[in-house]
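> Below are the chains, spelled out letter by letter.
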Amino acid sequence: MGSPLTVPLMRLGVLGGLLAFWAWAARAAPRGIVPTPAATWEAAGRLWESGRLAQALGESLAVYGAGLGLAAVAGIAVGVLMGAFRPLGRALDVFVYALAATPRVAFIPLIVLLLGLGVEAKVFIVFLGAVMPVILNAYVGVQNADPELIEMARSTGAGRWRIFAHVVLPGATPFLVVGLRLAATIGLINTVVAELYTAAQGLGGLLALYGNSFRMAEYFVILLTLALIGVVVTEILRLAEKHLSRWRGE
Amino acid sequence: MNLVSPASSSPLLRFDRASKTYGGRPALAEISLEIAAEEFVVFLGPSGCGKTTLLSLAAGLIAPSSGRVELAGAPPVPGRRSAMVFQSFRLLAWKTARENVAFALPHLPAAERRARADRYLELVGLTRAAESYPRALSGGMKQRLALARALAAEPEVLLMDEPFASLDAQARELMQQEVLRLTERRPMTVLFVTHSVDEALFLADRIILLSPRPGRVAEEIRLPFARPRWAEDPRAHPEHAALRAHLWERLREMVLKDPQSDFYGRDAT
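Chains as they are written, first to last, in numbering that gives the first Met the number 0: chain A, 0 to 249; chain B, 0 to 268.
The shape of chain A in the complex, shown without the other chains:
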């Protein structure tokens, strides 16, 4: 207990367990449904050497990154404005909540009609999914700004901008990070959804291709690649959060 190696070792143990379960499932399931880990590994090698995996990964990451980046910028801007100008926030928040509660996939046919089947439509689908949690969390974070600290800042002669930059925004940072984490998850889901529903492309496109043609080893490679993206993005955001909230200790 307490050794810095305990958690990594336990994680390796769980990974080993999962691999064992997978190997067992590959033998137990009817033929051709669950590929063995070895077959999947070989398929990964083939896909990588042919350049298909790299190309699909690049396409998906471009859509995901663009959609998520736009959502972060626009979401923080809108949420902060709504929080900073109370009447604006009050006027808009009902509609934002309504939009956030509507399944965003429902908009896909409309988006396709408006933007076509290309990259623009895909990026917009990712954006639309990811922007809501960013707006809502930025809004709540700014609203939660401590009025006592704002009064203190005013007493030092600080103006609106200085108060915003040094008091309101740092106070809202934990909320912003939660919003971005939710956005990253939803954004990845929507990337795949967009690639399935518009012109098939990227990892989502390969998922459909291999799934529909029963090439399950290749299909598993894509599945695992998506999981890996999720892990990497979550980990990056976790490190960013740790850095931003180092003043809270632990």
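Bear in mind the hints are in silico, worked out from the structure with no lab data behind them.
Every residue gets a Cβ at the ideal spot worked out from N, C-alpha and C, and that includes glycine.
A few of these clues could be false.
Computed from the model, here is a short list of chain A residues facing chain B with C-beta under 10 Å [unchecked claim]:
#, residue
1, 161
2, 166
3, 233
4, 246
5, 247
Which bits of chain B does chain A cover? Going by a derived footprint, with three or more residues having C-beta under 8 Å, they are [said to hold, decoys possible]:
#, stretch
6, 73 to 81
7, 96 to 105
Taking beta-carbon pairs under 10 Å as the criterion, some of the chain A residues facing chain B (in silico) [claimed, not checked]:
#, residue
8, 150
9, 154
10, 172
11, 235
12, 239
13, 244
Put chain B on the given structure of chain A with help from the hints.
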């Protein structure tokens, strides 16, 4: 001892029939006061006497509903000539001790700002905590940091709103001495709000007793004790006990007569 010559008799801070109402409820009613440069004035009064409102007016954080407040002949502007210390410290948790002090000094170039922050951290004995975040500091250290932040701006007027009320008895006494030491070193005008008779008697040149709902000046007392205060403990002064008893009696009376007080009407006699 400050002798104000008749020629320069215009006060630094002036309240001229200043009133403040919040949503129709009066908080302060027709306060008229003159405070000279380098005077240490303590406002003493029960809850609801508008002490905090009075300091906010002096800081320029709020404007009077009627009447006038003037600092050096003009309406006060926040941060211009005054700095404030609050009961709840109000430190920025995401800034180190040094950054918290530097926050009050945006007008200085970076190098100078840092040097000034370090100088005031040293003055309050927090040099070793310069890189610490507030959560790592004790209550007394937090209030010393808040004091350093206010002093670093080198204000003419220091506004202190029950600054030591949330400290334990020992830390409070040490902080009171600290304030006297620091204001002796670099003279400034101090407006100090407190509930505590003893704190008022220890610190003040002049005590202004406020009565509640709405806040009014009930009595002004110029204290006969010498400065600096550590030269002679005012508690040993023959008039100390009489003043203390008098102030306590006035406060008790106000609290018992205030319908909003927990002790309303509970007169034992």
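> At a threshold of 10 Å, is the proposed contact between residue 247 of chain A and chain B supported by beta-carbon distances?
Status holds, d = 7 Å.
> Within the stretch 96 to 105 of chain B, is the number of residues with a Cβ closer than 8 Å to a Cβ of chain A three or more?
holds (count 3)
> With chain B as the partner, please determine if residue 154 of chain A meets the hint condition of a C-beta pair closer than 10 Å.
Result: holds, 4 Å to nearest chain B Cβ.
> Counting residues of the stretch 73 to 81 of chain B whose CB is closer than 8 Å to a CB in chain A, do you get three or more?
It holds, with 5 qualifying residues against the three required.
> Would you check whether residue 150 of chain A satisfies its interface hint, that is, whether its CB is within less than 10 Å of any CB in chain B?
holds, 7 Å
> Measuring from the C-beta of residue 233 of chain A to each C-beta in chain B, is the shortest one below 10 Å?
violated, 23 Å
> Report holds or violated for the interface hint on residue 239 of chain A, using the least CB-CB distance to chain B and a cut-off of 10 Å.
violated, 15 Å
> With chain B as the partner, please determine if residue 166 of chain A meets the hint condition of a C-beta pair closer than 10 Å.
It holds, given that the least Cβ distance between residue 166 of chain A and chain B is near 7 Å, below 10 Å.
> Against chain B, with CB atoms and a cut of 10 Å, does the hint on residue 161 of chain A hold up?
holds, 6 Å
> Per the CB criterion, is residue 172 of chain A less than 10 Å away from chain B?
At about 8 Å, which falls below the 10 Å cut-off, the nearest Cβ of chain B leaves the hint on residue 172 of chain A intact, so it holds.
> Against chain B, run the beta carbon of residue 244 of chain A and see if the smallest gap drops under 10 Å.
Since chain B brings a Cβ to about 8 Å from residue 244 of chain A, closer than 10 Å, the hint holds.
> At a threshold of 10 Å, is the proposed contact between residue 246 of chain A and chain B supported by beta-carbon distances?
Given a least distance of 4 Å, the restraint on residue 246 of chain A holds.
The structure shown violates the earlier hints numbered 3, 11 and 12.
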